[in-house]
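In the order they appear, the protein sequences are chains A and B. Read in the numbering used here, the first sequence has 18 at position 18, and its numbers run on one by one without any break. Read in the numbering used here, the second sequence has 20 at position 20, and its numbers run on one by one without any break.
There could be a bad hint or two in this list.
[To be verified] Computed list of lysine to aspartate or glutamate pairs in EDC-like fashion (alpha-carbon distance at most 20 Å, straight line): (1) 9/B - 84/B; (2) 42/A - 44/B; (3) 5/A - 44/B; (4) 53/B - 24/B.
Derived from the structure by calculation, the hints contain no laboratory data. Quick caveat: nothing in here was measured; it's all calculated off a predicted structure.
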Amino acid sequence: QQQVKQSPQSLIVQKGGISIINCAYENTAFDYFPWYQQFPGKGPALLIAIRPDVSEKKEGRFTISFNKSAKQFSLHIMDSQPGDSATYFCAARVSGGSNYKLTFGKGTLLTVNP
Amino acid sequence: DTEVTQTPKHLVMGMTNKKSLKCEQHMGHRAMYWYKQKAKKPPELMFVYSYEKLSINESVPSRFSPECPNSSLLNLHLHALQPEDSALYLCASSQERGLGETQYFGPGTRLLVL
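Okay, chain B solo, but in the shape it has when bound (with noise of 0.2 Å):
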């Protein structure tokens, strides 16, 4: 099984709002990752955890806060958001090292600010 779920499917959020998203994999990853995706652009990477500890933010807003609760589970906090930050996140997993090289992508949550 090579499922990464993440809920909800879609958010509509105020600028005031406070929310999150979740991101859950039983694979046995231990590296997990935060892509913020644009309409027709590639996935870009805001936040790697490898074995539940962040290991890399792409100088990513604070309004954005990234939360590693166990090894399966990814959350994402979401804070006086911009309309700009309005884009698909995506949630994917990997095994950190050797042969697990592939990242296995979430169907990801459209999130719309208004």
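If we strip away everything but chain A, and leave its shape as in the complex, we get (with noise of 0.2 Å):
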């Protein structure tokens, strides 16, 4: 059962593009929302998460936008470079509790073309 459907798996966009890459949850227990990156042979590194009191936060060129009613969240990367091609992964949890199992998308391979 996947708890978080990520989109798209992958995407090609031209620098200085926007790029945006959507994920969807089922369990409204999750309350802790971070998005990982991840280049070839390297572990994923957090680029930036949110809670679900607020319905956007940005920094740098990234932003997450949040829409809890519609449990969905995506992640935009303004003037998108080609240092910023790598996979994208979008995580969840419930934090606080016992289990601290991470629920991962599967992942989204952004291209950004030069």
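Combine the two chains into a complex, taking the hints into account.
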């Protein structure tokens, strides 16, 4: 049972464009939603995270939009650069509990063409 | 400093070998994790240690044996592995509760079982 659905599976964007990756979740107990960026051969690195008490969080070129009623959240990368080419994973978890499990989406391979 | 280190970076072993993967963090985190990641897939949780005690075992085969010697170190002992165990093995850490929900990942150990 996949609890976090991520789309698209792959995305090609031109340099300077906007990259948008979407995730939808089913478990209403989730209350922490991080995005990880992973380059080939490296471990995932936390990019940005949000809690459901805010609808948007921005850090530099990266913005998370969160829609609690729709159980959806998305990552927007403004002014996309070739160096942003990586795999992006959304994730979700129930914070503060004894279960530390992050539920990951299946990932989106982003390619930014120069 | 949000660094998690892992050694070795690469490991090739035969099915009869015994080897160990090592992970270290100095962020004062009290939860540490082992993940397995296959190509083009999200990380899969294997084990979670909380305060140096095993709190989650995601039904991992006994040929994988975790150990947490102290709050900064996490080992994964490997014995009689199968070729299908070839993957990127990731270590992560986080604070146990409160604001520290973020899991920080190491660079991983690329394991090849022949």
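Checked hints:
1. With a C-alpha separation of about 19 Å, the suggested pairing of residue 9/B with residue 84/B holds against the 20 Å cut-off.
2. At most 20 Å may separate the alpha-carbon atoms for a hinted pair to count; residue 42/A and residue 44/B meet this at roughly 15 Å.
3. With a C-alpha separation of about 16 Å, the suggested pair residue 5/A and residue 44/B falls inside the 20 Å cut-off, and the hint holds.
4. For a cut-off of 20 Å, the pair hint linking residue 53/B to residue 24/B stands: about 16 Å separates their Cα positions.
Of the numbered hints listed earlier, not one is contradicted by the structure.
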